[in-house]
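Student: Below are the chains, spelled out letter by letter.
There are 2 protein chains.
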Amino acid sequence: MQQVNLGIIGGGTVGGGVFQAIQRNGELMASRLGIWLSVVKMAVRDMNKKRAVKIPKTILTTDWSAVVSHPDINLIVELMGGTNTAREVVLQALKLGKPVVTANKALLSAHGEELFDAAQKTGTNLYYEASVAGGIPIIKVLREGLIGNRITRLYGIVNGTCNYILTRMKLEGADLPQILADAQRLGYAEAEPSLDIDGCDAMHKTGILASLAHGFWVNPKQIYVEGIRGIRALDIQFAGQLGYTIKLLGIVKRNDSGPNGRACPPIQVSVYPALIPNTHVLASVNHVFNAIYVRGDIVGDTLYYGRGAGQDATASAVLSDLADAALDLKHETRSRIPPFVPHEREGAVLPIDAVICRYYLRLSVVDRPGTLARIAAILATAKIGISSVIQPEGHEGESVPLILMIHDASNAAMRKALRKIARLPVVRESPVMLRVESFD
Amino acid sequence: MQQVNLGIIGGGTVGGGVFQAIQRNGELMASRLGIWLSVVKMAVRDMNKKRAVKIPKTILTTDWSAVVSHPDINLIVELMGGTNTAREVVLQALKLGKPVVTANKALLSAHGEELFDAAQKTGTNLYYEASVAGGIPIIKVLREGLIGNRITRLYGIVNGTCNYILTRMKLEGADLPQILADAQRLGYAEAEPSLDIDGCDAMHKTGILASLAHGFWVNPKQIYVEGIRGIRALDIQFAGQLGYTIKLLGIVKRNDSGPNGRACPPIQVSVYPALIPNTHVLASVNHVFNAIYVRGDIVGDTLYYGRGAGQDATASAVLSDLADAALDLKHETRSRIPPFVPHEREGAVLPIDAVICRYYLRLSVVDRPGTLARIAAILATAKIGISSVIQPEGHEGESVPLILMIHDASNAAMRKALRKIARLPVVRESPVMLRVESFD
Numbered sequence: 001m002q003q004v005n006l007g008i009i010g011g012g013t014v015g016g017g018v019f020q021a022i023q024r025n026g027e028l029m030a031s032r033l034g035i036w037l038s039v040v041k042m043a044v045r046d047m048n049k050k051r052a053v054k055i056p057k058t059i060l061t062t063d064w065s066a067v068v069s070h071p072d073i074n075l076i077v078e079l080m081g082g083t084n085t086a087r088e089v090v091l092q093a094l095k096l097g098k099p100v101v102t103a104n105k106a107l108l109s110a111h112g113e114e115l116f117d118a119a120q121k122t123g124t125n126l127y128y129e130a131s132v133a134g135g136i137p138i139i140k141v142l143r144e145g146l147i148g149n150r151i152t153r154l155y156g157i158v159n160g161t162c163n164y165i166l167t168r169m170k171l172e173g174a175d176l177p178q179i180l181a182d183a184q185r186l187g188y189a190e191a192e193p194s195l196d197i198d199g200c201d202a203m204h205k206t207g208i209l210a211s212l213a214h215g216f217w218v219n220p221k222q223i224y225v226e227g228i229r230g231i232r233a234l235d236i237q238f239a240g241q242l243g244y245t246i247k248l249l250g251i252v253k254r255n256d257s258g259p260n261g262r263a264c265p266p267i268q269v270s271v272y273p274a275l276i277p278n279t280h281v282l283a284s285v286n287h288v289f290n291a292i293y294v295r296g297d298i299v300g301d302t303l304y305y306g307r308g309a310g311q312d313a314t315a316s317a318v319l320s321d322l323a324d325a326a327l328d329l330k331h332e333t334r335s336r337i338p339p340f341v342p343h344e345r346e347g348a349v350l351p352i353d354a355v356i357c358r359y360y361l362r363l364s365v366v367d368r369p370g371t372l373a374r375i376a377a378i379l380a381t382a383k384i385g386i387s388s389v390i391q392p393e394g395h396e397g398e399s400v401p402l403i404l405m406i407h408d409a410s411n412a413a414m415r416k417a418l419r420k421i422a423r424l425p426v427v428r429e430s431p432v433m434l435r436v437e438s439f440d
Numbered sequence: 441m442q443q444v445n446l447g448i449i450g451g452g453t454v455g456g457g458v459f460q461a462i463q464r465n466g467e468l469m470a471s472r473l474g475i476w477l478s479v480v481k482m483a484v485r486d487m488n489k490k491r492a493v494k495i496p497k498t499i500l501t502t503d504w505s506a507v508v509s510h511p512d513i514n515l516i517v518e519l520m521g522g523t524n525t526a527r528e529v530v531l532q533a534l535k536l537g538k539p540v541v542t543a544n545k546a547l548l549s550a551h552g553e554e555l556f557d558a559a560q561k562t563g564t565n566l567y568y569e570a571s572v573a574g575g576i577p578i579i580k581v582l583r584e585g586l587i588g589n590r591i592t593r594l595y596g597i598v599n600g601t602c603n604y605i606l607t608r609m610k611l612e613g614a615d616l617p618q619i620l621a622d623a624q625r626l627g628y629a630e631a632e633p634s635l636d637i638d639g640c641d642a643m644h645k646t647g648i649l650a651s652l653a654h655g656f657w658v659n660p661k662q663i664y665v666e667g668i669r670g671i672r673a674l675d676i677q678f679a680g681q682l683g684y685t686i687k688l689l690g691i692v693k694r695n696d697s698g699p700n701g702r703a704c705p706p707i708q709v710s711v712y713p714a715l716i717p718n719t720h721v722l723a724s725v726n727h728v729f730n731a732i733y734v735r736g737d738i739v740g741d742t743l744y745y746g747r748g749a750g751q752d753a754t755a756s757a758v759l760s761d762l763a764d765a766a767l768d769l770k771h772e773t774r775s776r777i778p779p780f781v782p783h784e785r786e787g788a789v790l791p792i793d794a795v796i797c798r799y800y801l802r803l804s805v806v807d808r809p810g811t812l813a814r815i816a817a818i819l820a821t822a823k824i825g826i827s828s829v830i831q832p833e834g835h836e837g838e839s840v841p842l843i844l845m846i847h848d849a850s851n852a853a854m855r856k857a858l859r860k861i862a863r864l865p866v867v868r869e870s871p872v873m874l875r876v877e878s879f880d
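So the protein lines, in turn, are chains U and F. Per this note's numbering, the first sequence starts with residue 1, numbered consecutively. Per this note's numbering, the second sequence starts with residue 441, numbered consecutively.
In isolation and in its complexed conformation, chain U is listed as follows:
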């Protein structure tokens, strides 16, 4: 049986998980593939670190460069994380004509264009199934399973930490700081949680999905990002009363009402917490699970669900890439499907100001005659329609919440109106504005 020799760079959670998965199911994969996967070397930071997964000392080294250039190794697996050394690792391997499997979304987000370019120049390949949504084979689905479709809508719950926090906030009626602290204790959130809860991780993944779906490289700087730090238990509760659940979504939306005559209308690419109808399947994606809802112009609506992170889910995705890479090596088809095909060179990202959607607005107002009239007048002047109002009973003169559901309006118009509303003397705190997605 043919053998493919792997060099793994990174001996942390994911590296250990991949090593363990190959030990466990390598024989099964060989019987399915007709190829034996053998881990020849593994580069780690510290040879003597205690590891949850036992790895033979003989294959460990601290010299990643020696692993990449090792003459027996024909496939490099980059699992170290970070964007500096990881970039060097991938570039060096590609320059040697060795295919690379990576799970590193931050790396792809920051340097994807350069890396894909390097792969193309050397006629080799870069595989990245594990970079988005862990165990869900979403990259393969988009590139191969839905290849006959123009992707008109993509909504992803792609950050497990945020989904876990929002799920527990809803179930327990608790505010974010309390649930976050518990998530950190349980290992579902990092000690420094900003990358997750401020939406940066979701941005990396959404950018990769958008680039893949629309065939032009989406610069992360063009992605509008809002995290979940501003979400209060109160908002989750009011949203529930209105029939909605709040989820952090990565949104990639083809804007068909864009300027006429252009081959590729601009695409909305955003990350923000949104209200979604309780009846929508995405609303029942809870805890650390991820899901990606994809609408194709031929297939219609589809959804892909699974664990988005963690040692084993990520290992499963890496194994899938290893199989593809091994088959490409066996059949000498290294660039059978190039890592990224820029098939829509004209593509552009729609600025958030031009995005039109519905809104949920929570104001803290003084309960006094004329309050609602003043707010409604500002919205009316801006030609923004109100679709429903919740004003819980309060005592005159006190601060009470006022919830407004707003019809379709541009983000620019809404922002402008909100600035005016915030300046009204009857409005006490900064208004909370969340977008509503209706999946139409």
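No lab work stands behind these hints: they were computed from the structure. Do not take every clue at face value.
[As the list claims (entries may be wrong)] Only pairs whose alpha carbons sit at most 27 Å apart, straight line, appear in this in silico DSS-like list of lysine-lysine:
#: 1; chain 1: F; residue 1: K860; chain 2: U; residue 2: K95
#: 2; chain 1: F; residue 1: K856; chain 2: F; residue 2: K823
#: 3; chain 1: U; residue 1: K170; chain 2: U; residue 2: K221
#: 4; chain 1: F; residue 1: K535; chain 2: F; residue 2: K770
#: 5; chain 1: F; residue 1: K823; chain 2: F; residue 2: K860
#: 6; chain 1: U; residue 1: K330; chain 2: F; residue 2: K535
#: 7; chain 1: U; residue 1: K121; chain 2: U; residue 2: K54
#: 8; chain 1: F; residue 1: K860; chain 2: U; residue 2: K330
#: 9; chain 1: U; residue 1: K121; chain 2: F; residue 2: K489
#: 10; chain 1: U; residue 1: K383; chain 2: U; residue 2: K330
#: 11; chain 1: U; residue 1: K416; chain 2: U; residue 2: K95
#: 12; chain 1: F; residue 1: K856; chain 2: F; residue 2: K561
#: 13; chain 1: F; residue 1: K561; chain 2: F; residue 2: K535
#: 14; chain 1: U; residue 1: K416; chain 2: U; residue 2: K221
#: 15; chain 1: F; residue 1: K661; chain 2: U; residue 2: K330
[Stated by the list, open to error] Where chain F lies over chain U, by a calculated footprint (3+ residues, C-beta under 8 Å):
#: 16; region: 71-85
#: 17; region: 136-142
#: 18; region: 148-157
#: 19; region: 335-347
#: 20; region: 371-384
Just so you know, even glycine gets a beta-carbon here, dropped at the ideal spot from N, CA and C.
Place chain F on chain U using the hints.
Tutor: Below, chain F alone, put in the same frame as chain U:
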């Protein structure tokens, strides 16, 4: 740009859908694939039939054999349905070394082993993404995306007609005949609905998924099948009271508690209506949508959701296969991944009698002291435990429903106990027994 010439056999709904999809997105696919797909000939039954999709007369013919052997055509797309002529079409093409794309689950179910064997012998390939669950790329997911996993559980809602009927029965509290008649009127059910509602179509698909997941050919005769004809609005209502939804499931379950020392414990492969917890994501898969829940030993739980049938969903799957086939032709890797890899030669199907599960039992009994005691005594003698009972209040002497939820028991033990219960004078109608799936 390289060109692949297609010969399509079958000009019905699916054939027309594929032709239309290629017209619509052929250019997009070419820009993604670097290969142009051209429909050279299309074999139809009647040249003069009025078609919803306009197809140029010049490419139409009634002679399928001439299409298959046409010297310019290098890829055959079998979309005619049926199992006799379709078998000949596929075999003739494979013998000529031409790869075949098919959407025909009945053909694969009946002749899969022979066809896969023929493909292997001639070193070519048979692609069948469209045969199961329409637009959901489940074949690719199982064969490639989850290649590193042993599949321990698979639950599929794979028949859209049944799911549509069960969904409407639940929403409207109506019985099957009424909803079926409406579904037929709307085109969601055939005039002769037996293939769908008696579970045969789900059996074809479940057999293909089981074979693929476990790497041995599952003979359709070994699959235990029950359709939805026996489901009453009453059962859906009681199941709802208990926190469950009734769905027709294809079930492929690795039985880890099987005989020790065997490499591959027997696999349960069944199709039956089952109670599933309302909180499970499968319970929110409604109307004509399909979904397949797959648990891998590494990835954990995953789910794939989309339209399971219809012109466009099927066309999307066929396009995905066309892309793979075209790439394999371009790179001369016709058997890169053989259509079916029998990787577990020792596999066996567990007889339904040996399957252990929980049950929902609805009896029609005379409301009289001692009724429950007699039934409970029969179950106790068989060592079958009752987990809960619903007995709506009635009038003494009248027939009333009695609902029992039963703890884990083998199907054989349950069947034996039910025969005894049915013979009790206080039991009026044939008992209704449904299985309960807990996804543990």
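Student: Taking the hints in turn, state whether each one holds.
Tutor: Do the hints match the structure? See the list:
no. : hint             : result
1   : F:K860 to U:K95  : 75 Å, violated
2   : F:K856 to F:K823 : 12 Å, holds
3   : U:K170 to U:K221 : 31 Å, violated
4   : F:K535 to F:K770 : 20 Å, holds
5   : F:K823 to F:K860 : 14 Å, holds
6   : U:K330 to F:K535 : 25 Å, holds
7   : U:K121 to U:K54  : 38 Å, violated
8   : F:K860 to U:K330 : 61 Å, violated
9   : U:K121 to F:K489 : 52 Å, violated
10  : U:K383 to U:K330 : 63 Å, violated
11  : U:K416 to U:K95  : 51 Å, violated
12  : F:K856 to F:K561 : 48 Å, violated
13  : F:K561 to F:K535 : 9 Å, holds
14  : U:K416 to U:K221 : 23 Å, holds
15  : F:K661 to U:K330 : 38 Å, violated
16  : 71-85            : violated (count 0)
17  : 136-142          : holds (count 4)
18  : 148-157          : holds (count 3)
19  : 335-347          : holds (count 5)
20  : 371-384          : violated (count 0)
Violation of the numbered hints given earlier is confined to hints 1, 3, 7, 8, 9, 10, 11, 12, 15, 16 and 20; the remaining hints are satisfied by the structure.
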